[in-house]
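**Q** Reading the sequence shown from the start, the letters are residues 3 to 193 in the working numbering.
Certain hints may be false.
Stated by the list, open to error - Ranges of calculated distance between the beta carbons of each label pair, as one might list FRET restraints:
#1 44 - 81: 42 to 50 Å
#2 177 - 73: 40 to 48 Å
#3 124 - 6: 37 to 45 Å
#4 4 - 142: 21 to 29 Å
#5 177 - 30: 36 to 44 Å
#6 170 - 23: 27 to 35 Å
#7 4 - 181: 40 to 48 Å
#8 178 - 62: 35 to 43 Å
#9 4 - 172: 26 to 34 Å
#10 190 - 11: 17 to 25 Å
#11 46 - 147: 44 to 52 Å
#12 165 - 188: 45 to 53 Å
#13 172 - 5: 41 to 49 Å
Unchecked claim - Capping the alpha-carbon separation at 25 Å, the derived lysine-lysine pairs in BS3-like fashion look like this:
#14 36 - 99
#15 99 - 8
#16 30 - 8
I should point out that these hints are in silico values taken from the structure, not numbers from a laboratory. Positions of the beta carbon are idealized from the N, C-alpha and C atoms, including for glycine.
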Amino acid sequence: MNRQQKRYRDLIEAGRRVMAEKGYEDAKVSDIVKQAGVAQGTFYLYFPTKLDLVIALAQEMQQEILSRVQAEINNKDVLEDLMTSITVALRVMESYKDIIPIFSAISAIDETRWKAEQYLRSDYYVFVQNIIEKGQKDGIFRSELNPEIVSRFIVGMIEHIAHECFVYHSGFDPDNYIQLLWQLLKGGLLR
């Protein structure tokens, strides 16, 4: 890791810690750079705004979800691949549970931020959509269902589970949610 990459990492990690502790609104760039051990001007070389840091964190989470899901699916059994993609996505989100509330707060603030969040999800939407389309092509999933809408439904449900478990602290085990979601999906998708 070169010096620039290290500074970027240090800022990302410091931003995550500070925002997890103080929330988005109360987290100050000065707190982040102090934790990262860099000058305030250095922050702005990497992130024009604090929001850009949050978007970078969300992008990092989405990339981790996609890379871990791609590494764990077998591309032979669409049912197993879909279940793996759901489980892995939720596990990655769990590892980001300290800042999931920040992502929620940002997406609720204004349309520009919501659009940025949608962009970050787009690769995972397409990934899940491809699983659905393969299942339809193989005659396993109902062909009359719109794969794009189904993929958005699935991703939305995963995000809702993450909010219930990691933001609202519902007290339910994420595995219970996953099993129920899986039963609902099998009942709705299978031919």
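**Q** Range first: 37 to 45 Å. Now tell me if the beta carbons of residue 124 and residue 6 are that far apart.
**A** 27 Å, violated
**Q** Determine whether the Cβ-Cβ distance between residue 177 and residue 30 falls within the hinted range of 36 to 44 Å.
**A** Taking Cβ atoms as reference, residue 177 and residue 30 lie about 38 Å apart, which means the hint holds.
**Q** Please work out if residue 99 and residue 8 have their alpha carbons no farther apart than 25 Å.
**A** 24 Å, holds
**Q** Please test the hint of 44 to 52 Å on the beta carbon pair from residue 46 and residue 147.
**A** At roughly 47 Å between Cβ atoms, residue 147 and residue 46 fall inside 44 to 52 Å, so the hint holds.
**Q** Do the beta carbons of residue 172 and residue 5 sit within 41 to 49 Å of each other?
**A** Given range 41 to 49 Å: holds, Cβ gap about 43 Å.
**Q** Could one say that the CB atoms of residue 170 and residue 23 fall in the range 27 to 35 Å?
**A** 19 Å, violated
**Q** Using the C-beta atoms of residue 4 and residue 142, is the stated range 21 to 29 Å upheld?
**A** 47 Å, violated
**Q** 35 to 43 Å was suggested as the range; check whether the CB atoms of residue 178 and residue 62 agree with it.
**A** Since the Cβ atoms of residue 178 and residue 62 sit about 28 Å apart, the hinted range of 35 to 43 Å is violated.
**Q** Between residue 44 and residue 81, is the Cβ distance one that fits in 42 to 50 Å?
**A** 48 Å, holds
**Q** Kindly confirm whether 17 to 25 Å is satisfied by the beta carbon distance between residue 190 and residue 11.
**A** At roughly 42 Å between Cβ atoms, residue 11 and residue 190 fall outside 17 to 25 Å, so the hint is violated.
**Q** Is 45 to 53 Å respected by the C-beta to C-beta distance linking residue 165 and residue 188?
**A** 23 Å, violated
**Q** Falls inside 40 to 48 Å, the C-beta gap from residue 4 to residue 181?
**A** The hint (40 to 48 Å, Cβ to Cβ) holds, given that residue 4 and residue 181 are roughly 45 Å apart.
Of the numbered hints given earlier, the model fails hints 2, 3, 4, 6, 8, 9, 10, 12; all others are met.
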